[in-house]
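Asker: The primary structure of each chain is shown beneath.
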Amino acid sequence: MELFEYTASQLSGMLREKKVSAAEVTQSVLDRIEAVDEKVKAYLTVTGEEAKQQAAEVDELLAKGEPLSPLAGIPLAVKDNICTKNVRTSCASKMLGNFVPPYHATVMKKLEGCRPVMVGKVNMDEFAMGSSCETSYFQKTANPRNLDYVPGGSSGGSGAAVAAGEAVLSLGSDTGGSIRLPSAYCGVVGLKPTYSSVSRFGLVAFASSLDQIGPLGRSVEDVAMLYSAICGYDPMDATSAKREYPDFYANLKADVAGKTIGIPEEYFAQGVSEEVQQKVMAAAKVLEGLGATLKTVSLPSTSYALNAYYIISSAEASSNLARFDGVKYGYRTPEYHGLDEMYEKTRSEGFGDEVKRRILLGTFVLSSGFYDAYYKKAKLLQNRIGEEFDQQFESCDLLLTPTAPDTAFKLGENMGDPLKMYAADVCTTTVNIAGLPALSIPCGTAANGLPIGMQLIGPKFSEQTLLNAALAYQQETGCCAVAKL
Amino acid sequence: MTIDIQHVAKLAKLRLEEDQAQRFAKDMENIVSMVQQLPDLPDTGALIDPDHPMIFRGDVVEHHYDRKELLANAPQVKAGCVVVPKVVE
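Those protein sequence lines, which keep their order, are chains Z and Y. Taking my numbering, the leading residue of the first sequence gets -6, the next gets one more, and so forth. Taking my numbering, the leading residue of the second sequence gets -10, the next gets one more, and so forth.
Read the hints as simulated data drawn from the structure, not as lab findings. Every clue listed holds true.
Here are the simulated lysine to any residue pairs, SDA-like style, with alpha carbons at most 25 Å apart:
#, chain 1, residue 1, chain 2, residue 2
1, Y, LYS75, Z, LEU332
2, Z, LYS338, Y, LYS(-1)
3, Y, LYS(-1), Z, GLY331
4, Y, LYS75, Z, TYR324
5, Z, LYS413, Y, THR(-9)
Listed next, the stretches of chain Z that the computed footprint assigns to chain Y, with coverage defined by at least 3 CB atoms under 8 Å from CB atoms of chain Y:
#, stretch
6, 231 to 239
7, 326 to 337
Built from N, CA and C at the ideal position, the CB exists for glycine as well.
Turn these sequences into a full structure, and let the hints guide you.
Answerer: Written as structure tokens, this is what we have:
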């Protein structure tokens, strides 16, 4: 077994027992990137030299016997919408193609103390708008499980890098499913944390009331390890929750016995493939075998959630992306007469089609005469969806659904049809709308050889219960392996 | 529903070429007909989560960034200021 194939929790133990050095682990991952990224195209920037330097520092501290975080020396890929000081953060857009942040996002600042080794910045849909990673201005990432297929989006580079062994862990962001969908499509584990538990400061804003940074990895332990390091109150994010968080990694134990798991019938309905339904139900039976009780429940507003999501997220995006005007940073059109023309040409040349589509939709639903019919209705529905979840959590500890209605689709297959593309998010957007935590974990392979993911959803701040239940399932069914490439 | 795409584009400070405008208008009409299917719910007035009030920082001057570092990303800088086209005659 090569070093890049190990999980973070395994490597963490090996580093402490001096069986390997951080330099060797980092080199193994950098070699893997060198060997396979030509095919996978997960990385926009590889920070090899900085990574080797960081690894050397970890080795020095290890030699001195300094107390270190379990993340120390673990190779990490960061989605390119998370600001990294002195390393380009492009959001996979021409608009920010030359943007080098002078500061770290709060998550990166927190990680500095834990010393994971950042090996690079990974591809995504432009400004995190997309479900396939194909709207990136720079390149299309392939699914390492089958290179003809998309890795899912928008954190497609994160999912692909982890599945391909080009990183051990990755940070992604999730606005409507952007961590969970790539996790399901690429066959890895991903956690979308409770809204407000991870600071959004330094995450390039898409839809501020829905965006959340979270971890992707090849095991539940690894995801718990990274989540524990990034969660917490941050005065720089006004929506950040002021509360204490336990050490999710230290407290992790495989445990689902005695838990009631709700199966919402709306997620096992038309539009969700038979094969996906069967695999997720088979996984439910595994959880039942481990001592959980299954219960069929109903979340009646589910079918409207995708609509509400596209209204709310596009409205917020149209407002958030108004800042890209060619004045203070980012792209500016080379030729213009007057301020208005500079704005219009800069934005028209700097944004891709999907971003323009969302800005136009958001501008439309917020415009005079349409606000009440769209935005306000969607916000009222958001409350209703939250209430329906709360009601179910009175009698259920967790809910179990498919992560996506089907396995990954082929590269190019949905690019001409926005509605078909949006439908990939049908099982995930409800969670963002309600601000809940949810975890996607592989639950088998389809006849086409592609992975299927299931989604565990819990009440706000129930990450420990989610992780413990997922670990129980993983111990029964096995960890995710690195894709053969 | 017909959407005046050029008007919306103007509000969003985007320019659409004619063929692009036609394509976007069609996409938008499809998207809007999907998203407009929403139930009528009673207006409870509460659009902000009461469990989750936002906490603002105090209005206190703090030094976070170096001016030179921030300006390093600006497309055009002169004498420590961002250069923009003339806006007043």
